[in-house]
Amino acid sequence: MELVFALVIGALTASGVYLLLRARTFPVVVGLTLLSYGVNLFLFASGRLATGQQPILGSSASYADPLPQALVLTAIVIGFAMTAFVVVLSLRNLADNQDDHVDGNRKQDEDSEEAKQ
Amino acid sequence: MSLPLVVFLPFLVAIAAPLFAQGGRTAIAIVSSIPAIIGLAALFPHWETLAGGGVVHNSWEWLPALGISFSFRLDGLALLFALLILIIGLLIILYARYYLKKGENIGKFYALLLCFKGSMLGIVLSGNLLLMMIFWELTSLTSFLLISFWTHKQDARRGARMALAVTGGGGLALLAGILIIGNIVGSFELDAVLAAGDLIKNHAMYPVALTLILLGAFTKSAQFPFHFWLPHAMQAPTPVSAYLHSATMVKAGVFLMARLYPALAGTEQWFYMVSFTGMATLLVGAYVAMFKHDLKGLLAHSTVSHLGLITLLFGMGTELAAVAAVFHVINHATFKASLFMAAGIIDHETGTRDMRRINGLWRYMPHTATLAMVAASSMAGVPLLNGFLSKEMFFAESLQLNLPGIWAWIPPIVATLAGIFAVAYSARFVHDVFFNGKPVNLPIYPPHEPPRYMKIPVEILVFACVMVGVFPAYSVGPLLYSASAATLGGEVPDYHLAVMHGFNLPLMMSFAAFIGGLIMYSQRQKFFDFHARFKEVDEKAVFEAVVSRFVELANRFTARIENGSLQRYAVLLVGSAIVVAMVPLATMGIFVGENGLSPVDWPTAIAAAILIFCALASAFLHRGRFTSLMFLSVVGLLVALAFARFSAPDLAMTQLSVEVVTMVLLMLALFYMPSWTPLETSGTHRARDIVLALLAGGGMTLVTLAMLTQPFTSISEFFLENSKTGGGGTNVVNVILVDFRGFDTLGEITVLAIAALGIYAMLKDTALTPPPGDGEGHAWTRDAYPLMLKQIARPMLPLALMISAYIFLRGHNLPGGGFIAGLITSVALILQYIASGMVWTQDRIGIKYHNVIGLGLIFATIAGAGSFVYGYPFLTTTFDYITWPVVGKFEVASALVFDLGVYLAVIGATLLALVSIGRLSPHSAIRSPRENV
Amino acid sequence: MSPLAEYTISALLIIGGAFTLIGAIGLARLPDFFTRLHGPTKATTLGVGAVMLSSVVYFSSTGQGIGISEILITVFLFLTAPVSANMLAKAAMHIGVKTMDNTRGKPWDQ
Amino acid sequence: MLDRLSFPQPWLSLILFLTWQFLSDGISGGSLVLGLVLAWGIPQLTQGFWPERPAFMKSWRMPAYLLVVLWDIVIASFSVAKLILSPRKPEPVFVCYPLQLEHPLAISILASTISLTPGTVSADISDDEKMLLIHALDARSDDEVIDAIHTRYEKPLMEMFK
Amino acid sequence: MNHWLTAPVLIPLLGGILQTFMGYAPIALRRTLALATTVLLVATSMVLLTMADDGSYRAYAFGNWQPPFGIVLVLDRLAAFMLVMTSVLALLAHIFSLGGADEGNRQFHTLFLFQLMGLNIAFLTGDLFNLFVAFEVLLIASYGLLMHGGGTVRTVPGLHYVVLNLVGSSLFLISVGMIYSVTGTLNMADLAVKVPQVTGENALLVKAGGMMLLVVFALKAAVLPLCFWLPKAYASATAPVAALFAIMTKVGIYAIIRVYFLVFGDDAGELANLGMDWLFPLALITLAMGVMGALGADNLKSLTAWQVIISVGTLLAPIALGSAESLSAALFYMLSTTWIVAGLFLVADLVASQRGSAGDRIITAPMMRHRTFLSVLFMIGAVAAAGLPPFSGFFGKLLILMSVEPGPQMAWLWGTILVGGFLTLVAYSRAGSIVFWRTVDGHVETARPLKGTTAVAAGAMIALTVVIVAMAGPINRYTEDTAAQILDTSAYIDILQTPMVGEDD
Amino acid sequence: MITIALYASIAMVTLAALLNVYRLIQGPDAPDRVLALDTLYINAIALIILLGITLGTRMYLESALLIAVMGFVSTVATAKYLKRGSVIE
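Chains as they are written, first to last, in the numbering used here: chain A, 5 to 121; chain B, 19 to 951; chain C, 142 to 251; chain D, 15 to 176; chain E, 948 to 1452; chain F, 270 to 358.
Don't take every hint at face value.
[Stated by the list, open to error] In silico lysine to aspartate or glutamate, EDC-like type, Cα no more than 20 Å apart, as pairs:
hint	chain 1	residue 1	chain 2	residue 2
1	C	K247	D	D86
2	B	K553	B	D312
3	D	K96	C	D173
4	C	K247	D	E116
5	C	K239	B	D792
6	B	K808	D	E116
7	D	K169	D	E116
[Said to hold, decoys possible] Derived CB-CB ranges, DEER-like:
hint	chain 1	residue 1	chain 2	residue 2	range
8	B	I431	E	R1424	58 to 64 Å
9	B	I708	E	H950	51 to 57 Å
10	C	D242	F	G325	35 to 41 Å
11	B	A627	D	K144	45 to 51 Å
12	B	E122	E	G1420	51 to 57 Å
13	B	F453	E	A1358	55 to 61 Å
14	D	L50	F	Q295	29 to 35 Å
15	E	D1441	C	S201	53 to 59 Å
16	E	A1358	B	A627	38 to 44 Å
17	B	K742	D	L50	25 to 31 Å
18	F	G325	E	T1099	58 to 64 Å
Calculated directly from the structure, the hints in this document are not laboratory data.
Heads up, the beta-carbon is just placed ideally off N, CA and C, and yes, glycines get one too.
Same shape as in the complex, but just chain A:
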């Protein structure tokens, strides 16, 4: 089971990183989301895996580590806020540059540089 879980995290990270390195805002956002899924799972896993041991007192004989769960919850929320912000930022980028390239409108830059020379 641990190997399966590890592979899942690896796949999420790899996909996230790959998308993160794309040149357009949208894939980057998707990549960040995937990466944060991977990271959340990883942080969750730092309390080890447990089946049917939800940390609700009285519902089971032994309990999974509740602390990573609380941390992940915080991380999910923060990740959501950040994703929302970066999504909007990419919209703003689109509005300002008429292009969704992560570096703004590259063509425009080149034109203006030519104009300068």
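Place chains B, C, D, E and F on chain A using the hints.
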């Protein structure tokens, strides 16, 4: 405390001086003379002590940690320089009164001049090397401002920058050198350093320190090959040039060598470095001076040459040579200052400094001409003038050097050669300017004598030249003796100041130089022709070119590295993380810990396979954005399932809710974006990215595997034990969130709130044109609010509200809580927005989300701060079981109020963010007078 | 746990699983979008409903009380499945997905 | 907004109250009080979202209708299952169903019912709310579908929403 | 328990909440309240400074939970130092913003105050995960602030900044996970106890986590090769924001000091002095890169932005060496450089407002109206930044130079800092002489008269460098004590024994 | 017996999920994918319920409830995006 007074008074007056600028030039000149007069008066009483070989100390602690103290020290050498600075400074002030024109910024001029004077005094009077260092750099800075006084002149600005770069840069080397010395000696106090000469010279770091210190001294006193800044500093107003290049700025370098003479001199390194630099400078300066047509240019190069001479003398390392050096410092200061002032007068009265045009001035200004001729003769080394005396000593010393074989001939030959040039350029100065026919095309014609008082400083200095020249022993004898004693550290050799020492070799050399110089001058045209064959190098242009080249290089380098490509930066970031983590991970390899692997159950494995597949698919099919989004959605769902599968119901719920809101968010954004990502990254880049991605993924897999199989204990036992008893809830995760680590949660909802506010602010004035149809060219439907959706969505709202109330209330004991409840409410409201539109929904909600956010934060904060009342720390929760009739026994927990804050903040933030984006849509005609959002 | 409850639960579980699977098969196998739309709306909904019911029976028979959540889920599913189907059908008609050859009648223009 | 101590939507309030009792484990004093509070508060908050109050004239007919639908769902599922598993190709048809119902909620309920029952999915409602587009998975003729729907579902609904 | 410790967190929080509510209140009122908040913050941080100066650690356990279980705020000299540095800077930047930079949208003050809250939490917290949360608070606020002011120039740099920091946040979480998965704790004091006991594969895990954490901090601190997001982002931010951002890199440096000296310090067994051997050369290269950037900068703001990078390099090199002297020197220099850089950003903005279309670009333009005032400010700032006497930069650098033990490291450090200082001087003199002196005839049409608030704020910010010199003795004494306290980790660990309220009774 | 039925049920639902994923990949059109996703949501509900029964706990039921609500909103939003572009307007 007279010494600090001498140093700091100029600064104080500098602050006040500009105020007197309104009162006219005379007023400000008088005010500016005060520090010098007081300074002289303050130094005078110490003469007794100094004449007896004593030293005056004034000091108090400043920064003991740095070894800096306000330590001032006056000995003969310092006195000599201080007198030069003060007296010539006084004369300059008087001179400048007449030199500067009415419209100029005299306030700034005098203020800077005073600051500069203070800095110079600081250098010579400092008793602590670091303190001296501070003043040293201050002279660089103030001289920078003085040289560029006429900021509208490009040459002035460039000259100033060059001076600053060379002297300031040299200063940094000096700093390093001084720090090493301080390290060796263990103190920066001058007394200690001077006493530790042997320790320093025998230390392994001595060569380094010496080099660095000499670098500082050489740059400051314009030694070859750093001499080039000095002539260009001539762009300054002439009073400044006269001051900087006779008695002060350049002499600071010389002073340094004199000051540290006991500590550093006397070794082979010292000898070779100093004397050869001096020799080169002596020759180069003298040679170039000959060919300058600019009056001040000639003087400047002659200054370079004379500084070389002094340096050479110090470099010789013999005691007599040092005395000669000190003597020449005095002489050079007097005659060069007067020459500069004379040049300034000529410039002032004729409007030009070009010697090819200024001719025959004798007829127009005989008084000035007389003064200038005397001073120039002193420069040439004519007997009965002070320049002759020190030059004789120099010639004598050049013969005393114990160099092996043929080398022994070099110093005297160089000295004579330089003497020839000196005579030649002095002759040129005199003959070209005052005789040699008639003036050519002068801008101001006819020239006449300057105002009476403008000549007084020159007269005083020329008088000094003559006095020293004729009665050396009586005029400067005691001062020279005391200064030499201080330079050499007590032991002064026998020397004899007299006009004549009889017919000896040095006199012969003088004679030869005199004759040779005159011949050279008479044959000058040939030399000019010879010199014209070499292309004149404009050092300013070179410097400027070097700097611009450097700037351009830096620019190009920076642009190459910092190329504005996020992809590059992201690769660097991810790459760095991989590289640093790789080292330990490579050691570890594939590692399965003590706990071993637990058995796989197939449904989970299949779900995991789907997850992995969809994650990879969303990456590799990312160019079709919608498809990628669908895969992402599956991944989100399966992550939630994974949380549920591995005992985290709270997380599963949170993940689900967040995932849906994220999905809506992404869809909102995708509306405005192209639906396809073009293929624009090159194959190699993609290969690189894939490698990075695989490394990152592989690394995470290894870490996770190792981590999951290793046993560990954590602090969580505490939470499980105290959750019910201390936190009043059985849902430990929730209790951690609102109690044990409530502060994290407070931060987290703040993040959410800030994000929403930031989004709102960012989109306030953004205008986006949506595409008219989807990627395949279908125009959008008209039907914005489908009937069925509208009808079903409405009854779902109360239902969802109830569910969220349920989830909220049970959260403390069962999976749920304010955050999830808040998201449920948000999603239910978002559904209304989707189904019925902005206007409709907004009208019915009727509250500002800003206020909801604020309310949420307030609730959370107040819930936390309530404990202050009882003296408990922030966020201490309390709970109790209350029994009411009918209701029965129930739990009241302050954590619930905190959770309510979370609930509200989540609703406000989520909706504010989404609605802000929705408002961009051209269809949403939400422009009601009172803006709800 | 009474045998009756056990049988009921088992039967419901099997039925639920089977219908869910059949819905999925339909989704995978049927030839065009509109025919595929039928699978999830009916079979899957019913399948999940059956699983839900088994859960209700299971937990009430193990003495953990009557789970209203399951009922609520089912209600939600029945409430929302037609709307989802409707929305998706509208989207499909808008995009103009291909219908199978023997379809009679025509989708509306959107 | 919360100025009235009334129940603007009594049916909704009742549903909410009852559901709450189920949600909270077992009926107790606490759940009754809380249920009451919610049953009052939520409709107060959301009443703005129901601009026209649903005209449940004969709401008691609802349970019977629901039972019929539930039964039909089970039947529908079996028939669809059969079709899915059989190798025979379905013969789908798009049917335009002329609506007699007028209330939008009633139309929505009808459309939902159609979607949940044998072999039909309501695909669209015309802009003027007079026509329903139905996709039947396997049907012989349009009229057959129209008749079945009309008699089995639309009529009871019409009676309810009179 | 001393409630003062929460003041730096709660004051901006409440102020920020107030601003949220007051979106539509008159701007004068909002400004007054916002400014009052910042003033209050300065006052409290001063109080905390005097408190911390007795050399003891004060812990504040949120929720009255014994560390390591609950979250603690820890006040020591270092934290108080950072608080004062930040609040003073923030006050002046805030005053500057009242000159008009806060207009445009209604969120400026809210975001500004929340950013301060994030910063203060970061400085005070004694919990690794809470540090993450603090980072996020200050980052998200900084994202918002960075985008403040309209126009299209800051979008792309802002996007880069945000995306990179999001990746950084992910890395932070991964590191926290790795460290927690071995040690089972998040409290820094507890980590300092547990990390030394870690061995074998576990040590490798912690090592990997710790190194990745260093990458995160290095990203925040803008160490090469992770510094490229900074210049454009800072140069495009509005002036008060850029000034406040001068602190942002220092947070990274603070975190390095806090975590690496406490948790991975000399006593950390297998993990002692983790990453410091990487940090030293990187810091020097960063410095060199910053100098290159400064030389090539084509406007005053990016020149200043590169100065930020130069100071990061200058700061981290002595920190990596890790002796008490070098730490103390670094702290002294940090104070000086942070304030100077902030002041330079403000001055650059004033210059830009006086030069019409030329802005703050290093090109010829008509003479500006308040040339003398602005050029004096710039000159002081430049001299201080380049590390020339008589201003504070010189003393900072001097301390750093003197703190190194002789050896190859000394040669590298001295060489880089001195040559770097020289080239910086060239860059500043070039920029200043062109901007202030090389004028063409004509008038700037759009020049706005200098406002009192902005002029005073910028002047005061620059003047702080003189204040530092005047108080160099006491400040140096304080930083020395701070360094000693940082290196004495055992005292920090004692906060685990802090008695909780009600326990003694 | 319940155990066997449970396993059978889980196996079938898992298989169903696989088939849904097949449809998700296959497409061919966007609505197909959304439909597959929607079905996957419903399958997930079933899986969670089954998990709850397997573990004998009701702790996960609310997660299922949430999927029912959230999945619907997600599907609706996606469908609206497909035909209308702007989800919230």
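> Within 55 to 61 Å or not, the Cβ separation of F453/B and A1358/E?
Replying inline: Holds - the Cβ-Cβ distance for F453/B and A1358/E, about 59 Å, lies within 55 to 61 Å.
> Does K808/B pair with E116/D here, judged by a C-alpha cut-off of 20 Å?
Replying inline: holds, 15 Å
> Is the hinted range of 51 to 57 Å satisfied by the C-beta distance from I708/B to H950/E?
Replying inline: For H950/E against I708/B, whose Cβ atoms are near 54 Å apart, the range 51 to 57 Å holds.
> Given the hint that K247/C pairs with D86/D, does the C-alpha gap stay at or below 20 Å?
Replying inline: violated, 26 Å
> Are the Cα positions of K239/C and D792/B separated by 20 Å at most?
Replying inline: holds, 17 Å
> Would the pair K553/B and D312/B pass a check requiring their Cα atoms to be no farther apart than 20 Å?
Replying inline: holds, 17 Å
> Between E122/B and G1420/E, does the C-beta distance stay in 51 to 57 Å?
Replying inline: At 41 Å between Cβs, range violated.
> Between A627/B and K144/D, is the Cβ distance one that fits in 45 to 51 Å?
Replying inline: holds, 49 Å
> If you check the beta carbons of A1358/E and A627/B, does the distance land in 38 to 44 Å?
Replying inline: With Cβ atoms ~57 Å apart, the hint is violated.
> Straight-line Cα separation of K247/C and E116/D no greater than 20 Å?
Replying inline: violated, 25 Å
> Should the hint that D242/C and G325/F are 35 to 41 Å apart at their CB atoms be regarded as holding?
Replying inline: At 51 Å between Cβs, range violated.
>> For K96/D and D173/C, compute the direct alpha-carbon distance and say whether it is at most 20 Å.
In response: Within the cut-off at roughly 18 Å; holds.
In this structure, the hints that do not hold are numbers 1, 4, 10, 12, 14, 16, in rising order.
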